[in-house]
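There are 2 protein chains.
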Amino acid sequence: MAIGVKAVYVSYVAHVLAVVGAILVLVWCVSFRGGLAWEATNKSLIFNNHPVLMFIGFIVIGGQAIMSYKSLPLKKAEKKLIHLVLHAIALALGIIGIYTAFKFHNESNIANLYSLHSWLGIGVISLYGIQWLFGFVVFFYPGGAPQLRRESLPWHVLFGISVYILAVGTAALGYLEKLTFLESSGVAKYGSEAFLVNFTAIVTILYGSFVIFTILSKAPPEDEHDHGYSAIEHE
Amino acid sequence: MAIGVKAVYVSYVAHVLAVVGAILVLVWCVSFRGGLAWEATNKSLIFNNHPVLMFIGFIVIGGQAIMSYKSLPLKKAEKKLIHLVLHAIALALGIIGIYTAFKFHNESNIANLYSLHSWLGIGVISLYGIQWLFGFVVFFYPGGAPQLRRESLPWHVLFGISVYILAVGTAALGYLEKLTFLESSGVAKYGSEAFLVNFTAIVTILYGSFVIFTILSKAPPEDEHDHGYSAIEHE
Numbered sequence: 001m002a003i004g005v006k007a008v009y010v011s012y013v014a015h016v017l018a019v020v021g022a023i024l025v026l027v028w029c030v031s032f033r034g035g036l037a038w039e040a041t042n043k044s045l046i047f048n049n050h051p052v053l054m055f056i057g058f059i060v061i062g063g064q065a066i067m068s069y070k071s072l073p074l075k076k077a078e079k080k081l082i083h084l085v086l087h088a089i090a091l092a093l094g095i096i097g098i099y100t101a102f103k104f105h106n107e108s109n110i111a112n113l114y115s116l117h118s119w120l121g122i123g124v125i126s127l128y129g130i131q132w133l134f135g136f137v138v139f140f141y142p143g144g145a146p147q148l149r150r151e152s153l154p155w156h157v158l159f160g161i162s163v164y165i166l167a168v169g170t171a172a173l174g175y176l177e178k179l180t181f182l183e184s185s186g187v188a189k190y191g192s193e194a195f196l197v198n199f200t201a202i203v204t205i206l207y208g209s210f211v212i213f214t215i216l217s218k219a220p221p222e223d224e225h226d227h228g229y230s231a232i233e234h235e
Numbered sequence: 236m237a238i239g240v241k242a243v244y245v246s247y248v249a250h251v252l253a254v255v256g257a258i259l260v261l262v263w264c265v266s267f268r269g270g271l272a273w274e275a276t277n278k279s280l281i282f283n284n285h286p287v288l289m290f291i292g293f294i295v296i297g298g299q300a301i302m303s304y305k306s307l308p309l310k311k312a313e314k315k316l317i318h319l320v321l322h323a324i325a326l327a328l329g330i331i332g333i334y335t336a337f338k339f340h341n342e343s344n345i346a347n348l349y350s351l352h353s354w355l356g357i358g359v360i361s362l363y364g365i366q367w368l369f370g371f372v373v374f375f376y377p378g379g380a381p382q383l384r385r386e387s388l389p390w391h392v393l394f395g396i397s398v399y400i401l402a403v404g405t406a407a408l409g410y411l412e413k414l415t416f417l418e419s420s421g422v423a424k425y426g427s428e429a430f431l432v433n434f435t436a437i438v439t440i441l442y443g444s445f446v447i448f449t450i451l452s453k454a455p456p457e458d459e460h461d462h463g464y465s466a467i468e469h470e
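Residue numbers (this note's numbering), protein chains in the order written: chain B, 1 to 235; chain D, 236 to 470.
Since the hints were made in silico from the structure, they are not lab data.
Quantities reported herein were computed from a predicted structural model and do not represent experimental measurements.
Accuracy of the hints is not assured; some may be wrong.
Cross-link-like lysine-lysine pairs, in silico, DSSO-like; alpha carbons within 30 Å at most [claimed, not checked]:
no., chain 1, residue 1, chain 2, residue 2
1, B, Lys178, D, Lys338
2, B, Lys189, D, Lys278
3, D, Lys413, B, Lys189
4, D, Lys424, B, Lys103
5, B, Lys178, D, Lys413
6, B, Lys103, D, Lys413
7, D, Lys453, B, Lys6
8, D, Lys241, D, Lys310
9, D, Lys424, B, Lys189
10, B, Lys43, D, Lys413
11, B, Lys43, D, Lys424
12, D, Lys424, B, Lys178
13, D, Lys338, B, Lys189
14, B, Lys6, B, Lys76
15, D, Lys453, D, Lys241
16, B, Lys178, D, Lys278
17, D, Lys241, B, Lys218
18, B, Lys218, D, Lys453
Short derived list, chain D residues pointing at chain B, Cβ under 8 Å [unchecked claim]:
no., residue
19, Ser350
20, His352
21, Trp354
22, Ser397
23, Gly404
24, Leu408
25, Glu412
26, Thr415
27, Ser419
28, Asn433
29, Ala436
30, Ser444
Here are a few chain D residues that face chain B, going by a calculated C-beta distance under 8 Å [stated by the list, open to error]:
no., residue
31, Ala407
32, Lys424
33, Tyr425
Glycine included, each C-beta is placed from N, C-alpha and C at the ideal position.
Pulled out of the complex, with its shape left as it was, chain B reads as follows (with noise of 0.2 Å):
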C-alpha cells in the first residue's frame, strides 16, 4: 500500500514504544498508584490492574498480533496460528481488565457503564470477540469456501483496523478520565504524575499509529504474492 518501507522496520518503532508504554504504565500503577492486587482494603489497588491488563494485554499484544501477520518472515500458516492465539491472549486480558474495571466500581460504591469510555469499552471487546470468532470460523477451523475467503478478507483486514484505531481512542479516554478523576481529589494539573500520565497516553497513541503503519508497510519477500493484508487493494 502506502509505505515503501519493509513492514518489520517499522514494526521496530512499535515494539520499542511497546516496551515505552509499559514501563510508564507500570511506573505509574506500582509507583504513583501503589501497586496491583486482586483484594485489598485499598481498592484503588484493584483499579491499578485496569489500566496495566488493558495496555499491556489487550493494546501491545493485540497490536503485535496485528504486526505478526505481516512482518514476519514465516509461513502463512505458521503466521496465522501466531495471529489467532495472539488475539486470543490479547482479548482474555482485555476481558480481565474490564472485570477489575467493575470490581473496583462494584467493591467501591461506584456507577458503572455511564462514561463515553466504558460504553466504547464495551462495544470494543464485543466488536473485537466477533472479529475473533469470525476469524477463527472463517479463516482457520472448519474455514469458509475459496470464495468466502477471499471476498470477507478485505473486510476483516478493514474491521480489524477500525476495531483496533478504536481501541486506542478508547485507552486515551481512560488515561483523561482517571486523570480528571485524580486532579479532582488534589493530584497536581502540571504534577508529575499528570505529566506521566499524558505522555503514556501519547506513547500508547504511538504505538497503535506505528501497528497500523506497519501493515501498510511491505510484506517480506516470500510474501508478496500472497493474499496477506495486501488484500485490502484488491476490490
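Using the hints provided, position chain D relative to the given structure of chain B.
This is chain D only, laid out in the frame that chain B set:
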C-alpha cells in the same frame, strides 16, 4: 482500495451523521448549557462556542473537504480547489474554536494546556496547518515538480488520514472531559444531558469513520485513472 461500493453512496451516510451530530451539539450547547456568546459575564457561554466550532467547523467541514476530493463527479482542478478551500475554512474555524477555549479559561482563571485533550488539540491543529501549507505549495501554487508531486501524494494522503483520525479522537476526549467536569459539579451520570453528550461523541466517531470509509471506496468512473487517493496503492 478495500470497499467495492461507490464513494458517493458512502459519503451520504457521512452527510446524514454530520446533520445529526450538528443538531445534537447545538441542542447541548444552546438548550442545556444556555447558548453561545463572545462576551458574557456567564463565562460558560464563551466556552460553548468551543464544541460547536470544533465539531461543525473543524470536524464536519474538514471531513467534507476530505470526501469532496474522492466522491464529487467533477474535474480534478475543480475538486482540488474545493478540497483546498474547505480545508482552509475548517482550519480557520478550528483555530477560532481553540481560541474560545483559551478565552474561557483566561476569563475564568482556569489553567491552560494541562490535559491530554489540550495537548493533542494543539498537536492536531499544528499538523493540520503544516499539512495544508504543504499541500498548497506542492499541489496548488507554485506546485512541485511532477516527480515530487507523484512521490509525495501517498504521504499527503496517509498523513492527512492520520491527522483526521487524531482530530476525531481529540474531539471524543473533549466530550468526555467536559462531561466529567459537569458530572463532578452535579450533572446526573445517567441523566438526559449525559446521554446526549455521549451520543454526540458516538455520532462524531461514526462521522469520522464514514469519512475514512468514503475515501476507501470506489471513485467516480471519470476519475479511475486519475492520481487521486488511489495513489495510496502505489508504492
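Which constraints among the numbered hints does this structure fail? Numbers only, ascending.
Hint check: nothing fails, all pass.
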